[in-house]
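Engineer: First to last, the sequence lines map onto chains Y and R.
First residue of the first sequence? That's 1 in full-length UniProt numbering, and the numbers climb one at a time after it.
First residue of the second sequence? That's 1 in full-length UniProt numbering, and the numbers climb one at a time after it.
In short, the hints are calculated from the structure, not lab data.
Glycine residues also receive a C-beta, built at the ideal position from the N, C-alpha and C atoms.
Keep in mind that the hints are not guaranteed to be accurate.
[Unchecked claim] Just the calculated beta-carbon pair ranges, DEER-fashion:
id, chain 1, residue 1, chain 2, residue 2, range
1, Y, 169, R, 75, 36 to 44 Å
2, Y, 201, R, 99, 40 to 48 Å
3, Y, 70, R, 100, 32 to 40 Å
The primary structure of each chain is shown beneath.
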Amino acid sequence: MGDSQYSFSLTTFSPSGKLVQIEYALTAVGAGQTSLGIKASNGVVIATEKKLPSILVDENSVHKIQLITPNIGVAYSGMGPDSRVLVRKSRKQAQQYKRLYHEPIPLSQLVRETAAVMQEFTQSGGVRPFGVSLLMAGFDDNGPQLYQVDPSGSYFSWKASAIGKNVSNAKTFLEKRYTDDMELEDAIHTAILTLKEGFEGQISGKNIEIGIVDASRKFRVLTPAEVDDYLAEVE
Amino acid sequence: MSITSYNGSALIAMVGKNCFAIASDRRLGVQFQTIATDFQRIFEIHETLYVGLSGLATDVQTMYQRLKFRHKLYNLREERNMRPETFASLVSAMLYEKRFGPYFCEPIIAGLNEDGTPFICTTDLIGAKQLSKDFVVSGTASESLYGACESMYKPNLEPEELFETISQALLSSVDRDCISGWGGIVHVVSADQVITRTLKGRMD
Numbered sequence: 001m002g003d004s005q006y007s008f009s010l011t012t013f014s015p016s017g018k019l020v021q022i023e024y025a026l027t028a029v030g031a032g033q034t035s036l037g038i039k040a041s042n043g044v045v046i047a048t049e050k051k052l053p054s055i056l057v058d059e060n061s062v063h064k065i066q067l068i069t070p071n072i073g074v075a076y077s078g079m080g081p082d083s084r085v086l087v088r089k090s091r092k093q094a095q096q097y098k099r100l101y102h103e104p105i106p107l108s109q110l111v112r113e114t115a116a117v118m119q120e121f122t123q124s125g126g127v128r129p130f131g132v133s134l135l136m137a138g139f140d141d142n143g144p145q146l147y148q149v150d151p152s153g154s155y156f157s158w159k160a161s162a163i164g165k166n167v168s169n170a171k172t173f174l175e176k177r178y179t180d181d182m183e184l185e186d187a188i189h190t191a192i193l194t195l196k197e198g199f200e201g202q203i204s205g206k207n208i209e210i211g212i213v214d215a216s217r218k219f220r221v222l223t224p225a226e227v228d229d230y231l232a233e234v235e
Numbered sequence: 001m002s003i004t005s006y007n008g009s010a011l012i013a014m015v016g017k018n019c020f021a022i023a024s025d026r027r028l029g030v031q032f033q034t035i036a037t038d039f040q041r042i043f044e045i046h047e048t049l050y051v052g053l054s055g056l057a058t059d060v061q062t063m064y065q066r067l068k069f070r071h072k073l074y075n076l077r078e079e080r081n082m083r084p085e086t087f088a089s090l091v092s093a094m095l096y097e098k099r100f101g102p103y104f105c106e107p108i109i110a111g112l113n114e115d116g117t118p119f120i121c122t123t124d125l126i127g128a129k130q131l132s133k134d135f136v137v138s139g140t141a142s143e144s145l146y147g148a149c150e151s152m153y154k155p156n157l158e159p160e161e162l163f164e165t166i167s168q169a170l171l172s173s174v175d176r177d178c179i180s181g182w183g184g185i186v187h188v189v190s191a192d193q194v195i196t197r198t199l200k201g202r203m204d
């Protein structure tokens with residue numbers, strides 16, 4: 001874990017009271033591909049850009065939106081490998097809860113535990129904060145919910161939110177379009193329109209990913225064909 | 001001398017119509033010497049969830065303290081009470097953690113689900129859950145208790161009738177077991193109220 005002379009925490013306070021590493025982590029998130037989520041009255045939709053570095057990359061092998069439990073999914077903005085570590089830890093925490101209580105973990109509890117992990121990495125020696133913000137979406141006994149978790153470990157429940165590049169335009173767009181009684185289908189259309197706003201190039205089922213969870217409590221990622229159908233509806 | 005019959009105990013839980021009853025004896029002994037006649041074996045976890053613990057008295061108390069602790073934390077974190085099935089899973093997990101050096105107690109769990117239907121179950125000392133639709137028993141008098149419950153139990157009893165049934169089953173069984181008895185305590189729990197009564201049986 002490094003020479004004893006240099007084993008101080010990278011997250012020491014600056015004179016202005018900030019933790020600079022967390023600020024930089026948030027910058028890393030802000031440079032990442034846009035993700036957004038919308039909570040509807042009967043479900044949640046999360047969507048993310050899936051811009052691949054080259055046309056030679058096999059897009060079927062890239063999964064940006066991932067399942068944590070059958071009823072909880074997560075999208076991220078920022079560093080992909082960091083998100084995979086968090087997804088792995090969250091999946092383990094969800095399973096431990098299930099083993100103990102024989103009940104699926106409530107989304108708010110999973111978010112709390114994931115955020116606690118992210119916070120640990122802002123207060124330990126020799127580690128750096130995670131360079132991702134996560135959008136966790138799920139449907140449990142408290143209905144549909146959408147949470148954002150930041151590198152600092154803070155988490156918020158949102159009706160609709162966006163993270164990554166183009167955040168301010170996306171949020172403004174969402175603020176105008178969001179209504180409390182929106183249904184899942186409307187939310188999916190709104191999500192696509194919001195992504196389209198800041199999208200560079202031609203949007204298609206191959207360069208965005210959409211995940212939805214409805215009252216059936218089964219989170220699933222839409223196939224590229226389904227995404228193309230929704231895109232056609234939106235035109 | 002078996003460790004589970006060192007202190008002596010008798011416990012029953014029965015399912016009624018939108019209610020349940022949980023009863024225990026009150027004796028605490030050290031083998032054949034009676035030490036106390038007001039020993040508490042049934043504990044409230046929350047308004048509609050009770051746990052009764054039979055077996056070694058020190059483990060009864062420790063298990064209760066640990067379960068109370070876990071439930072309090074759960075309540076603070078999840079801002080709600082535990083459902084009876086969830087609690088039963090927790091008890092089972094906690095007992096199995098000590099698989100190779102177990103707590104010498106056999107709990108019975110009794111509660112009301114959110115929709116008002118009663119739930120009872122028991123586990124063995126290493127956490128094997130046993131759900132039941134009618135009654136569960138535990139303790140040194142368990143064999144007599146099984147017989148008494150089997151013959152006296154009827155489904156869908158109202159709280160007052162359930163009280164009579166469980167009391168008679170308890171008192172007649174502890175009379176056949178020399179290390180349990182010295183009175184009884186019965187809690188009859190419905191969605192809106194709990195009635196607790198003490199029983200005076202053969203005080204020996």
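Engineer: Give a verdict on every hint.
Structural biologist: Consistency of the hints with the structure:
{"no.": "1", "hint": "Y:169 - R:75: 36 to 44 Å", "in the structure": "holds (43 Å)"}
{"no.": "2", "hint": "Y:201 - R:99: 40 to 48 Å", "in the structure": "violated (58 Å)"}
{"no.": "3", "hint": "Y:70 - R:100: 32 to 40 Å", "in the structure": "holds (34 Å)"}
Hint violations for this structure: number 2 only, all remaining hints satisfied.
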